[in-house]
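Asker: Line order of the protein sequences matches chains V and L.
If you count by my numbering, then the first sequence holds residues 6 to 762, one letter each, in order.
If you count by my numbering, then the second sequence holds residues 6 to 762, one letter each, in order.
Heads up, a few of these hints could be off.
Remember, identical chains collapse to one label, so a pair may be satisfied in a single copy or spanning two.
Stated by the list, open to error - Straight-line Cα separation of at most 30 Å, DSBU-like style, residue types lysine-lysine; simulated pairs: (1) Lys326 with Lys277; (2) Lys486 with Lys727; (3) Lys599 with Lys464; (4) Lys591 with Lys91; (5) Lys110 with Lys277; (6) Lys591 with Lys486; (7) Lys486 with Lys587; (8) Lys727 with Lys277; (9) Lys599 with Lys584; (10) Lys235 with Lys91; (11) Lys277 with Lys486; (12) Lys125 with Lys262; (13) Lys538 with Lys265; (14) Lys125 with Lys110; (15) Lys277 with Lys390; (16) Lys584 with Lys50; (17) Lys110 with Lys182; (18) Lys599 with Lys91.
The hints are simulated quantities; they were obtained by calculation from the structure and are not laboratory data.
For reference, the chains in residue letters:
Number of protein chains: 2
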Amino acid sequence: MRLTVRPTLALGLGIGLLAFAPTSTGDLRGFTAESAKAQRDWEAKFRAIPSPDSMRSYMRRLSARPHHVGSPYDKDNAEWLLARFKSFGLDARIETFDVLFPTPKERAVELVAPTRFVAKLQEPPIPGDPTSSQQAEQLPTYNAYSIDGDVTAPLVYVNYGVPADYERLERLGVSVKGAIVIARYFGSWRGIKPKVAAEHGAVGCIIYSDPRDDGYAQGEVYPQGPWRPKDGVQRGSVMDMPVYPGDPLTPGVGATKDAKRLPVSEAPTITKIPVLPISYGDAQPLLAALRGPVAPQEWRGALGITYRVGPGPARVHLKVKSDWSLKTLYDVIARVPGATAPDEWVIRGNHHDAWVNGAEDPISGLVPLLEEARAYGELVKQGWKPRRTIVYAAWDGEEPALLGSTEWAEAHADELVTKAVAYLNSDTNNRGYLDVGGSHSLEQFINDVARDIQDPETKLSVWKRAQLRAIADASDADGRKEARERANLRIDALGSGSDFTPFLQHVGVATLNLGFGGEGGGGIYHSIYDDFKWYTTFDDTSFVYGRALAQTVGTAVMRLADADIVPYQFTGFAETVSKYAKEVEKLATETRDKIDERNRQLDEGVFTATADPREPSVPPARDPAARRLNFAPLDDAVDGLTRAAERYERAFAKAQADGGAALAKPEAQALNATLRQSEGALLSASGLPRRPWYRHQIYAPGFYTGYGVKTLPGVREAIEQKNWSEADQQIAATAQALAAHTNAINRAAEQLEKLGS
Amino acid sequence: MRLTVRPTLALGLGIGLLAFAPTSTGDLRGFTAESAKAQRDWEAKFRAIPSPDSMRSYMRRLSARPHHVGSPYDKDNAEWLLARFKSFGLDARIETFDVLFPTPKERAVELVAPTRFVAKLQEPPIPGDPTSSQQAEQLPTYNAYSIDGDVTAPLVYVNYGVPADYERLERLGVSVKGAIVIARYFGSWRGIKPKVAAEHGAVGCIIYSDPRDDGYAQGEVYPQGPWRPKDGVQRGSVMDMPVYPGDPLTPGVGATKDAKRLPVSEAPTITKIPVLPISYGDAQPLLAALRGPVAPQEWRGALGITYRVGPGPARVHLKVKSDWSLKTLYDVIARVPGATAPDEWVIRGNHHDAWVNGAEDPISGLVPLLEEARAYGELVKQGWKPRRTIVYAAWDGEEPALLGSTEWAEAHADELVTKAVAYLNSDTNNRGYLDVGGSHSLEQFINDVARDIQDPETKLSVWKRAQLRAIADASDADGRKEARERANLRIDALGSGSDFTPFLQHVGVATLNLGFGGEGGGGIYHSIYDDFKWYTTFDDTSFVYGRALAQTVGTAVMRLADADIVPYQFTGFAETVSKYAKEVEKLATETRDKIDERNRQLDEGVFTATADPREPSVPPARDPAARRLNFAPLDDAVDGLTRAAERYERAFAKAQADGGAALAKPEAQALNATLRQSEGALLSASGLPRRPWYRHQIYAPGFYTGYGVKTLPGVREAIEQKNWSEADQQIAATAQALAAHTNAINRAAEQLEKLGS
């Protein structure tokens with residue numbers, strides 16, 4: 006489900022200078038000297054097992070036919086996966102849920118004036134690509150969870166369709182009220198586009214793939230190259246997932262057979278206006294028929310036309326009608342039971358459903374997971390007994406709305422709260438650099454793992470390569486200094502876009518999301534061309550990055566499963582939160598200054614004086630003057646967290662000194678229980694404003710970005726919305742969550758101090 | 006000749022707060038209270054005279070037929086202008102020069118592999134645009150001063166063809182040795198493209214107009230809109246004017262009948278490789294035939310293709326052959342003799358030649374000049390007697406190489422050195438904001454003038470509108486503060502691109518270049534579509550900005566001609582030079598840091614580690630470590646200049662106090678003589694390294710930018726070229742010029758102190 010355009014790896018993952026080696030007294034954090042030695046041996050054995058050839062054959066099988074939610078091959082794949090897990094020796098079963106998943110019955114996009122053009126809405130098969138011709142089984146091109154509708158209205162081009170684009174339109178004197186908007190993909194998660202359009206009064210929304218973003222402007226198109234061909238369409242969900250993901254009818258609870266369900270008409274996450282995605286082949290006549298102001302420079306795509314904004318004279322007819330029946334999800338869950346602590350779980354997941362054949366998304370991330378499971382089966386036969394229970398999940402229904410993971414996490418929430426040590430996710434996998442996002446209490450841990458994995462292209466460790474990339478990409482000398490000298494390379498905070506969301510942001514499980522990327526590229530995302538032929542021609546063709554991902558995640562899972570003490574580390578988290586606090590404080594100042602400056606310019610007449618009388622231009626609206634916020638509670642909370650984290654770190658160093666025998670004491674169990682609660686302490690019971698499902702006070706997807714993370718989301722978004730009283734409330738709520746987390750760390754430190762004494 | 010794409014007016018022209026009014030004791034700088042009152046009256050009378058209708062009729066006549074150098078209508082226009090000046094009552098004559106101006110006899114651009122395509126090289130007439138069909142008289146599409154050549158070679162796309170683009174190509178492993186390059190217009194003056202291509206071993210150069218820069222990407226194309234149509238071509242000179250402008254055969258001296266001439270084969274400013282310009286209609290098949298690496302993101306234009314770099318498989322045949330005979334220039338020179346100081350000259354010019362019909366370039370700037378001259382004729386009849394001589398010039402041959410102005414300035418250099426008070430230039434004129442560049446000793450003067458001119462669209466003064474634009478465009482709070490609070494808005498430093506160059510940079514006359522712009526736009530620059538129909542449909546259609554330009558420049562000329570003391574002001578210049586000094590010091594530090602950082606990354610292996618093995622990538626070359634420079638001589642010279650400027654300002658305030666009777670003393674003549682030498686003191690006898698014709702030590706066109714200015718050019722370009730010993734020499738040379746200028750100011754201050762005592 007994640008976007009295929011490669012983000013700049015602002016700071017990748019890796020370890021800085023060799024001089025900054027981890028804990029000097031223990032080779033592996035949380036292990037005794039003795040247990041670390043055994044662990045190293047098992048991990049080395051593990052990493053020799055994953056096989057590119059196996060992954061290739063799994064991908065061929067899993068992507069052989071379209072396998073979206075509700076399709077025969079989706080269930081078939083689930084059963085095949087179940088059989089594989091069992092054949093590897095794992096204890097596996099399928100859990101089902103019944104969820105609302107609309108599939109289209111009627112679709113139309115037509116230009117009705119000034120000329121007539123009927124959009125094709127169809128991706129043609131490509132000779133030499135066998136699965137592209139499986140039209141009978143393919144889902145049509147559509148956006149799932151679009152409300153049914155049939156509208157005809159003038160067209161307006163809204164660029165990416167994010168709030169800033171509508172501010173620009175207002176300056177141009179263009180309103181979308183009563184109009185159908187056409188937005189291009191990218192610039193936000195797609196579900197934001199109809200949401201913001203509807204907020205501004207639009208009656209319909211068309212989303213198209215501009216060739217500038219993932220078509221011919223980027224390179225040769227499929228099948229000659231990896232990029233999006235003229236008729237390629239990006240399917241995808243447009244549900245309002247920033248409110249809650251999962252089944253729209255069962256928010257907060259598992260969509261079991263007898264769950265209480267909302268009526269469809271009351272489901273708040275279905276769009277307010279009809280939406281359809283189209284190709285650039287279908288978009289060109291619509292865009293070319295627009296008049297009105299020429300689109301601002303940065304709104305212009307790569308079609309050979311003058312991009313104009315409208316409204317009209319292009320009038321468009323848009324129609325969507327779906328089958329709104331429930332469909333069954335098949336989550337495949339496999340376990341390696343823990344020998345010592347069976348009620349402590351390390352969970353690892355990747356989804357198995359796709360929009361069509363989905364070789365890249367998600368099969369490229371699923372096949373390493375299968376090889377990890379196969380390897381564990383072999384290690385168990387050789388005598389490996391993981392301390393904790395390992396839970397492997399192949400989720401169904403990620404594409405429509407993180408359905409399989411969300412319903413499972415909601416159904417098992419109570420267990421997860423007490424048992425889960427960590428959730429490790431992957432999704433699509435490509436070539437290049439290890440890209441990690443997640444809970445910063447696991448930052449040092451995953452840096453340590455990354456030092457042990459070899460990059461297949463350069464033969465450097467994957468952390469060394471990521472470090473060199475971070476040096477190359479840093480925007481200034483400070484960034485380069487940090488990439489070179491910080492003990493750990495930073496990991497990203499997580500927003501949304503894959504199955505980690507319910508674990509991290511709803512239940513409060515420490516989470517990591519991992520994948521390789523940054524090299525190559527393509528434009529087959531969510532189209533019929535994302536298939537075995539494409540992936541094995543243009544992406545990780547030899548599956549060496551598939552193997553590297555299995556080695557990375559598998560090593561991480563084993564190490565988390567076997568550590569005497571769960572290897573969370575909090576000083577890095579404290580430093581990161583302190584950075585976020587500085588960011589929101591700066592944002593508040595800048596927002597206030599911006600309001601003051603704009604109001605001053607309105608007083609000076611800047612906007613009227615600089616308007617070209619031949620061009621439409623409307624001065625911006627005046628904002629009420631902003632007031633200052635009291636950040637003291639947040640800053641105090643960060644200070645308290647920092648002190649607690651440092652205390653824990655001192656106690657940890659002492660406990661792990663001299664072979665770390667203390668870590669093996671039976672009392673360590675209680676410490677581990679405290680640690681498992683620490684991420685959960687960052688949740689608030691009432692959740693974020695207007696979206697209580699999202700409870701994490703540090704990480705959330707943005708209400709107006711969709712995938713993109715907002716850190717300290719309650720505070721940050723209140724400031725962005727210029728809601729100063731809410732900002733004050735959210736400062737208090739965030740400080741409270743940090744204080745609860747700080748208490749957990751202090752408790753853990755105390756337990757650790759006793760252990761070491 | 007200037008580019009038509011509107012530059013961002015980083016800081017326009019205008020006066021800041023009303024609180025910062027100029028000299029409180031005298032209403033007009035350099036005038037006694039009494040002379041100021043008379044001056045105000047004459048200026049008000051003057052500004053009532055220029056008539057939009059007259060300008061429209063002049064434009065219709067002057068642009069009625071193609072009038073390039075050597076054409077019948079060029080001479081016809083000169084004679085018509087002469088007659089106009091005479092009819093206004095001015096003393097006018099034509100001065101001729103004989104210069105090398107090649108015109109094409111044979112031209113070919115053909116794709117010869119992998120398929121065949123013959124470029125049209127022809128701009129079609131447009132129905133409803135009468136002058137576009139005058140094909141018999143139009144110069145073909147070509148680049149003047151391209152050497153003759155006939156080459157066939159693989160094609161390489163080089164973006165704008167500036168040095169940084171070749172560094173990028175090297176990183177991609179692409180060489181242009183033996184290739185024909187295709188570069189797009191913009192990003193530098195066009196003559197830089199073949200120069201840099203030849204330096205890198207290319208054998209030919211094609212320059213095309215990408216629709217992204219001035220075609221359909223910007224808006225509707227001609228005749229539906231103002232932008233460049235598919236077959237529109239930008240003609241233009243590619244002579245190496247950063248070495249010297251003017252006749253290639255007579256550097257430094259006027260190209261009079263019996264001037265000593267270089268053989269054509271030894272003229273250093275003719276290109277080293279053949280060059281032709283083409284339309285985007287002709288360019289598309291060539292670019293589409295390229296393979297090799299996909300062009301970097303920022304190199305991609307608006308054609309609906311994948312932009313690739315090559316080399317090949319596209320092979321191109323390029324042929325150019327010209328008639329290299331001498332042609333005659335007709336400079337039209339008119340005078341209003343000075344009543345009191347006939348040997349002090351205020352010179353005002355605009356060229357009259359065009360590439361084809363040239364309604365915008367240059368007639369839109371010439372017709373205000375004509376109205377200024379007509380108005381002076383009327384004022385003289387009413388009894389106005391300018392103190393100094395006013396010289397009005399309509400230059401020929403600006404388009405090929407600033408021929409008419411350069412030859413005239415070279416021929417009259419001795420007179421200019423002693424007599425010239427200032428040179429005021431204009432070229433094309435459009436709508437929007439007063440845009441001023443020039444000598445900073447005239448910054449306050451022209452700010453004062455701009456406060457007296459009304460903007461036709463907003464009815465604000467043109468300086469107020471420019472100030473509000475500067476506030477709107479400022480990139481940060483410091484920029485806005487400066488725009489709001491600095492006594493004068495900054496004027497730009499001048500590079501090249503119009504007839505001011507010989508006056509300012511070769512002879513050392515204080516100079517201003519003025520025009521309105523910043524609104525509207527178009528893509529007819531140097532094509533057959535730059536004509537009366539286009540201008541009166543899309544540009545300053547009611548000629549109100551023509552009138553505003555006549556009012557601005559005419560007022561400035563009158564004020565300079567009548568002031569008792571020439572109104573130079575040096576504190577603003579000193580502050581500006583101090584800013585330039587800080588810039589070059591920062592540049593030296595940044596260049597050194599960049600070299601160190603790149604060498605460090607080479608040592609670390611960053612470039613090899615971050616290379617995608619499937620993409621071509623070559624690590625950059627290692628630079629020798631940079632050394633520190635001694636800027637003390639420059640900083641000391643700036644301090645000395647600042648002290649002298651402040652001393653002069655104190656003396657000036659005293660002299661102008663209480664009615665300023667001191668200014669009217671006969672001894673003021675000697676002070677004026679000193680002041681006239683002050684700009685010239687900034688010249689060095691030996692000129693800039695490798696281009697002795699350019700003698701100004703503060704302002705020059707960049708050796709690798711062409712139009713774009715380099716301030717403190719000797720120092721700045723040595724640093725850019727990493728030539729540290731030359732940088733040291735140039736710091737000394739620049740400091741020496743500043744010291745000479747400081748001496749002149751101190752002499753003037755002394756004279757003024759005596760005058761006031």
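Asker: For each hint, tell me whether it holds in the structure or not.
Answerer: How the hints compare with the structure:
1. Lys326 with Lys277: So Lys326 and Lys277 pass the 30 Å test inside one copy only (14 Å; across, 67 Å).
2. Lys486 with Lys727: between (35 Å within a copy, 25 Å between copies)
3. Lys599 with Lys464: between (49 Å within a copy, 28 Å between copies)
4. Lys591 with Lys91: Answer is neither: 54 Å inside a copy and 67 Å across each miss the 30 Å cutoff.
5. Lys110 with Lys277: within (19 Å within a copy, 67 Å between copies)
6. Lys591 with Lys486: both (22 Å within a copy, 21 Å between copies)
7. Lys486 with Lys587: both (20 Å within a copy, 26 Å between copies)
8. Lys727 with Lys277: The answer is within: 25 Å in one copy meets 30 Å, while 61 Å across copies does not.
9. Lys599 with Lys584: both (22 Å within a copy, 28 Å between copies)
10. Lys235 with Lys91: neither (43 Å within a copy, 65 Å between copies)
11. Lys277 with Lys486: Neither: 48 Å inside a chain and 45 Å across chains, both beyond 30 Å.
12. Lys125 with Lys262: Answer is neither; intra-copy 39 Å and inter-copy 72 Å both fail.
13. Lys538 with Lys265: neither (43 Å within a copy, 73 Å between copies)
14. Lys125 with Lys110: This pair counts as within: shortest intra-copy Cα distance 15 Å, inter-copy 51 Å.
15. Lys277 with Lys390: neither (52 Å within a copy, 77 Å between copies)
16. Lys584 with Lys50: Intra 40 Å, inter 65 Å, cutoff 30 Å: neither.
17. Lys110 with Lys182: within (28 Å within a copy, 59 Å between copies)
18. Lys599 with Lys91: neither (60 Å within a copy, 58 Å between copies)
Checked against the numbered hints given earlier, this structure breaks hints 4, 10, 11, 12, 13, 15, 16 and 18; the rest are met.
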